[in-house]
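Visitor: If you want the building blocks of each chain, they are given just below.
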Amino acid sequence: MAKTILKGNEAVIHGAILAGCRAYFGYPITPASEIAETAARYMPRVGGTFLQAESEVAAVNMVYGAAGAGARAMTASSGPGISLKMEGISYMAGAELPCVVVSIARGGPGLGNIAPEQGDYHQVVWCGGHGNYHNIVLAPNSVQEMSDHAMLAFDLADRYRNPVFILTDGAIGQMMEPVEFPAEVHAPPAKEWAIGVGERARRNVVSSINLDPDELEQQNLKLAEKYARITEAEVRFEEYRLDDAEVVLVAYGIVSRVARTAIEALRREGLRVGMLRPITLWPFPAARLRELAERPAVRELLCVEMSTGQMVRDVELAVLGRKPVSFFGRCGGNIPSDVEIAEQVRRRTARQGGGR
Amino acid sequence: MKVKLEKSKAFYDVYERKPTGDKTVVHYCPGCGHGNIHKMITEAIVDLGVQDRTIFVSPVGCSVFAYYYFDLGNIQAAHGRAPAVGTGVKRVHPDSIVISYQGDGDLAAIGTAEIVHAANRGEKMTVIFVNNAIYGMTGGQMAPTTLEGQRTTTSPYGRSPANEGYPVRVAELINALQAPVYIERTALTDAKSINKTRQAIRKALQYQVENKGFSLVEVLSACPTGWGIHPVQARQWIKENMEPVFPLGCLRDRGAEIPASPLEPRPFVAEGLHELLDHPAPGAEEERAAGAPRPADPFLGSPRVKVAGFGGQGVLLLGLGLASVGMKLGRHVSWLPSYGPEMRGGTANCSVRISDEFIGAPIVNQSDILVAFNRPSLEKFEPDLRPGGMLFYDSSLIDVSPQRSDIVTVAVPATKLADELGNTKAANMVMFGAIVERTGLFAVADVVRNLGSFIKLKKLIPLNEQAVERGGAYIRSLA
Ligand SMILES: Cc1ncc(C[n+]2csc(CCOP(=O)(O)OP(=O)(O)O)c2C)c(N)n1
Ligand code: SF4
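Those protein sequence lines, which keep their order, are chains F and S.
Using my numbering, read the first sequence as starting at 1 and increasing by one per residue.
Using my numbering, read the second sequence as starting at 1 and increasing by one per residue.
Please note that the accuracy of each hint is not assured.
Stated by the list, open to error - Here are the computed lysine-lysine pairs in the DSBU-like style, where the Cα-Cα straight-line distance is at most 30 Å:
1) F:222 / S:23
2) S:18 / F:222
3) S:196 / S:239
4) S:458 / S:425
5) S:416 / S:456
6) S:192 / F:191
7) F:3 / S:7
8) S:239 / S:203
9) S:39 / S:196
10) S:18 / S:39
11) S:9 / S:39
12) S:39 / S:192
13) S:203 / F:3
14) S:458 / S:416
15) S:7 / S:196
16) S:380 / S:416
17) S:203 / S:9
18) S:380 / S:203
19) F:226 / S:18
20) F:226 / F:191
21) S:192 / S:7
22) S:425 / S:459
23) F:222 / F:191
24) F:191 / S:18
25) S:39 / S:239
26) S:196 / F:3
27) F:3 / S:458
If you are wondering where the hints come from, they were derived from the structure by calculation, not from laboratory data.
Extracted from the complex, chain S is given alone in its bound form (with noise of 0.2 Å):
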């Protein structure tokens, strides 16, 4: 490959965006790496004619300045978080080429998590992985990749195993994920080995632009201010130490298996968003149940409700239930459950309110209808119920009275007779029969009518009607 003298395109001619010093050089000290690479990334992305889509994500770290230099959309990312900024970027703009261009210590020390996981999520971006074994930017403290017994300002007497650990070898670790298609280590010590990184950032680019997946290409790259050598020992030191350490090769490379495919920008999906998000179609409005009786307790007409029982005993459904229905016939509802863990196994309860103005607090601590569906709900929540108020009890599963006699008391042998139905679980619905037969909240037609605004499953409709007409035929049949 022949190597090119003048200046890339994808390099502003005059660094303007630089704020001291001499405008037509870098800011990087002799004899280190990162301008070389800068360089083969521009060459590349010229000549694969893409430098209007690409978009370079800068490190913290020496390379925090790129965007001084590079003619591409630039964005400057928090330390380590290059792959999740670059992943964010990616995904509102598939058709862009996205480089996350990274230090060691940025990307294998506070940026493990950030760049394990875009590889393994095989983000369509390139990694250009710069590892000097050391942090320029801050004056050579140790970096996850300091070689063992290496001097540096954090590591004053060596990098010791026993403390530090080893150094971290970035292109195996993300050799050991599934979805990276291109992971190559390369070197900037002699032409060939220069050539060959040249190489490899191309590879990786070229990649992306096949729309092909994840590309790391891991630079050993010299730092001769942080290792406190002259530039071209540094050359030879990558040889004698890093290399042994960090082998150079490919680990992977699947370009060939994977067919390329263009890069296509995500449509912006604006029209039928109301159908999209399940929203009710317009003109479906809730009938009013204008003139439709109350119950002459002005309390039960706008009740405070709490339901109460197992989870698993569809008690929040239930509740559900008596919201939603009170919304399709126009009145202010709220429902409010009990949440997390206690749920699990243990017990549920969901305060619901009903009324005819806006609602105020949604929880009820004291209620005007008790909905008890084990013992632990009607110990707990019977105290709570105001005088005169109504006490919902599944009889077929609670086996002691009420304490209260300043109470209505209502025994509904829901679950015995949701199981003669076919199905324990309809207890629930058989207890909505019932409250709403002997409360006069609704008509028991009118929740059949509205079944399908809380219970999703269509095909469980034709069994919950059942239930709830049981329940209120249950109701008639004591008077």
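One chain only, chain F, in its complex shape (with noise of 0.2 Å):
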């Protein structure tokens, strides 16, 4: 296929229905709604529906709805409007719908302004609804993965009937890059558990309200189960000039971008840098870096994210003090820049006697 230049935000779409997604319920916030216009641009086309929700409550109540119909669909929204979408996820979890939620996050807390942040990975990677479930959430770092994993997020919601959200920042969701698509596509499969006409469907619950406290501990250790092999199974990072690195950046979105110009720039300068970018933040490459932090080359981890360092504790778990964590960040809608970052690297390096 042939590339085409699109926005984050495009693509996302592009990659959804292709992956089978004929349903978008959303309600527009900057700076996610082109997901919105796309979708009302394209679903019609391709026989799906578009519906513009009275609130964010209502978009993912309707995905609800339309995940227990058995289609795939989605909802895309960002930090006030996830807020919102908190309660359909926890319902979805706990009726094991599969359906996409997309946060193209943005500086925060509140209704904060409009500008790219990271600081709604607590809210995702951690779960801002009720009860014992977990979110599979990846992180797309460029236009490309935006479609990418459109396509892989509909394959693992169904694969394991579970929300899988795709978090993003606003510059990812903004920015244009050239994307290309797989020419040959696969139908959705078929679900047998899903409401829908027919006499078997008539036989289908779905549901997450269970009063019974023995059972419903029986679900939640069904769920934890689930995570457990999720955990096991589907944990994603790409790693960036590991081999030799004594420092090593873990960061995720649109700040793994500039953390690879700064590594870039600190190799020609003969420092050793590298970067491990989780694509899964839940399930978290917490064996991996446990790994690196087993190196005996490797001397700190630093965690570089657009918050105030809420993915710090994620590493501090994985490393377990097998060596120093420690954080760089920015925030309120101001991307780090590669310079920024350098200078964080030299310093450390220069504090442990330099790199060279």
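Bring the two chains, given one by one in their own frames, into a single complex with the hints.
Guide: Laid out in structure tokens, this is it:
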């Protein structure tokens, strides 16, 4: 396929439609609105539904209905809207409904601003909704991945009957890059458990209620077992120049792109620095980080984020004190520059007696 | 209408899903209206022959367990969200029959937005609204429909309009909207009103089977437990206290005006997706500019570009053009705009990168090329140019001279040249031509050939072509 140049917010809908999604329910919010606009443009063309709901609460509950009825369904928003969607996401996790939710994070808390931030990591990765559940969380860092991850997200959602988040930031949503789509796409799977039309579907119930404590406990344990399987099988990450790295940057989303440029510059100076980029934020690449921390060459792990350090705890839990974990971040809508990141690394290597 | 005594086929014979207690009886209290209404729904569904396509959305409230009983597709919704859940189901399966069954807390308090908007969209569903003037399930708290002076656990001194407002008349509220087809309020008090309720529920479902639109039946229904009175008195209580506030009757019936149409499933379109999604045709592979001359300065060959100006000057489009042509020539590119309100009437800028390698940071902090269309942009971004970098500015709009002497400055009267072509808006493309001619980043012909990759309105292409060429010619004229 020839390449085409699109915004991240557009590419995610192209990927979703190629993955067989035919139902989008959403509510406008900057910097995510182009997702709804793109869905509004294309869903009718492919015989699908686009509906601008009265609120994010309504939108996510429409997704619940459509997903319960067996469709590949999605919604998208930014932090303030994702807060409202937490209700439906918890219900979908409880009823084991597959769905895809895209979050294009902006500055918070409260109304904050519309510039890119990563302050919704806790909300999405550690699940702002109620109950014992997990979202699978993908963290694309390019327009190509916005499309690829949309397809992956629907596959994971169906494989595990679980909500899947695509969590990225306003920069990845708004930027344009070339993207290439697969020529062949496969049809989404049939869902035996879904409600719908026909005698067989009539037997099905979509629900998350269970008044019996023992039964609900079993259901929770079943979910926990599923999450363990996901943790086992679905961790994804990308490594960049880690072979001989002494300082390991950990970054995702737009920050991982900037960090890459910083690493290129530092490497030209002879500094041994590399990066682990989590592609899945949940499950988190904890085992790989632990391995890296055990390498004698590695002196320190440096989390770089557009937050006040929301991912740091996950990295600390991964390395369990084997090596120091430090943090550098900007927030409020500021993207750390490659120069700033490089300076942070230089400072550390100098403090440790140089890395040359 | 004959009252049927045998159990409807749309109920399970034995309520296996009910975890405890007698599995042949419902969990509702004696004298509760829910059971009667359930029965009427099942009878209508069986008579209409739609049991295999009916999906029952149960709410949060005493009827949360409706799926114990109904031999239908069942989906349980969050509190108040049944109309939204029903919308999701119905949009995916337009050939299904969707029933949103809701209490007064569910529908008229927490779910007000969802019901109003589902009704307003005319979702083709049937809403059965059980108004018992109280929260049954949670133990008798005040509902939006609780009567003035009525004592509940959360209005222990009686509902006071000064504190809690007046009872919400849902049927009247929905009747203010244009889309609904059928709205009726009935009651469960005596044989006659029960019969009326049965007919109303049937009609509402019939209309959905005929694909006519949104219906709502509000049923005044007893909650003897919540009210703390005997079931027989409860029926009397509805008559005496509720009916004066919630008058019975049909508020709207447009069924006859709307022709019936068949319930059709939504076909899944799998063919021709790439075309439908406006993807470039396979085989339209970009021409690789193999061996094309590159600028001698490596920075200008893989430049970090900042384009800035007023919103409306085509700043973002020029940036997109640079990225698009770069892509067409097989290079890595990225384009990142400033976005949001700052663009409204204010300044706009974008970062563009063109490279032979994977692009890390798409944000341009230090630029190799700066393109400024107004004075604030020039002043803001000039300091970020790397030494030896190149500044292009619209000299017909910017009356100050650039400050730095360690950069290459190219003044282009882009707006004036565009005006000469008859359209001020083409200034950005005049600048495009000037940039590529001066830097050697691409050939002017590369840009002209690929204008269609970023200018969607085909009729604008000839003008833009002239503009790009004019910009290139201007640079050559300086030599
Ligand atoms: C978000 C949320 N808030 C509150 C509740 C608790 N709750 C359960 S049922 C109910 C009221 C139900 O009353 P109504 O809709 O009138 O139905 P009824 O029980 O009278 O049939 C409430 C407040 C809940 N389940 N979810
Ligand atoms: S509490 Fe009221 S509404 Fe609930 S089952 Fe009992 S009588 Fe019916």
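Visitor: Hint by hint, note whether the structure agrees.
Guide: Now for the hints, and whether the structure bears them out:
For a cut-off of 30 Å, the pair hint linking residue 222 (chain F) to residue 23 (chain S) stands: about 27 Å separates their Cα positions. Proximity of residue 18 (chain S) to residue 222 (chain F) is assessed by CA-CA distance (about 21 Å); at most 30 Å being required, the pair is judged to hold. Under the criterion of a C-alpha separation no larger than 30 Å, the hint pairing residue 196 (chain S) with residue 239 (chain S) is consistent with the structure, at around 15 Å. As the CA atoms of residue 458 (chain S) and residue 425 (chain S) are separated by approximately 16 Å, the hinted pair is consistent with the 30 Å bound.
About 25 Å separates the Cα atoms of residue 416 (chain S) and residue 456 (chain S), which keeps this hinted pair within 30 Å; it holds. Proximity of residue 192 (chain S) to residue 191 (chain F) is assessed by CA-CA distance (about 45 Å); at most 30 Å being required, the pair is judged violated. Restraint check for residue 3 (chain F) and residue 7 (chain S): the C-alpha separation of about 62 Å exceeds 30 Å, so the hint is violated. A threshold of 30 Å between alpha carbons decides the hint, and for residue 239 (chain S) with residue 203 (chain S) the separation of about 23 Å falls inside it, so the pair holds.
With a C-alpha separation of about 14 Å, the suggested pairing of residue 39 (chain S) with residue 196 (chain S) holds against the 30 Å cut-off. Straight-line distance between C-alpha atoms of residue 18 (chain S) and residue 39 (chain S) comes to about 17 Å, which keeps the hinted pair within the 30 Å bound. Proposed proximity of residue 9 (chain S) and residue 39 (chain S) is supported: the alpha carbons are some 10 Å apart, at most 30 Å. Straight-line distance between C-alpha atoms of residue 39 (chain S) and residue 192 (chain S) comes to about 16 Å, which keeps the hinted pair within the 30 Å bound.
Distance hint between residue 203 (chain S) and residue 3 (chain F) is unfulfilled; the C-alpha atoms sit about 54 Å from each other, more than 30 Å. Between residue 458 (chain S) and residue 416 (chain S) the alpha-carbon distance is near 24 Å, which keeps this suggested pair within the 30 Å criterion. Note on residue 7 (chain S) and residue 196 (chain S): the hinted pairing holds, with a Cα-Cα distance of about 20 Å set against a maximum of 30 Å. Distance restraint check for residue 380 (chain S) and residue 416 (chain S): the Cα-Cα separation of roughly 23 Å lies within the 30 Å cut-off, and the hinted pair is therefore satisfied.
For the hint pairing residue 203 (chain S) with residue 9 (chain S), the CA-to-CA distance comes to about 19 Å; that is within 30 Å, so the pair holds. Between residue 380 (chain S) and residue 203 (chain S) the CA atoms are separated by roughly 68 Å; this puts the pair beyond 30 Å, and the hint is violated. Between the alpha carbons of residue 226 (chain F) and residue 18 (chain S) the distance comes to roughly 26 Å, so the proposed pair stays at or under 30 Å and holds. Restraint check for residue 226 (chain F) and residue 191 (chain F): satisfied, since their Cα atoms lie roughly 18 Å apart, inside the 30 Å limit.
Taking the CA atoms of residue 192 (chain S) and residue 7 (chain S), the gap is about 21 Å. The hint holds against a cut of 30 Å. For the proposed pair residue 425 (chain S) and residue 459 (chain S), the alpha carbon gap of about 14 Å is at most 30 Å, so the pair holds. Pair hint residue 222 (chain F) plus residue 191 (chain F) holds up; C-alpha atoms about 20 Å apart against a cutoff of 30 Å. The suggested pairing of residue 191 (chain F) with residue 18 (chain S) holds, with an alpha-carbon distance near 25 Å, which does not exceed 30 Å.
Distance check on the hinted pair: residue 39 (chain S) and residue 239 (chain S) sit about 22 Å apart at the alpha-carbon level, within 30 Å; holds. Our distance criterion of 30 Å between C-alpha atoms is broken by residue 196 (chain S) and residue 3 (chain F), whose separation comes to about 63 Å. Note on residue 3 (chain F) and residue 458 (chain S): the hinted pairing holds, with a Cα-Cα distance of about 20 Å set against a maximum of 30 Å.
In terms of the numbered hints stated before, the structure departs from hints 6, 7, 13, 18 and 26, listed from lowest to highest.
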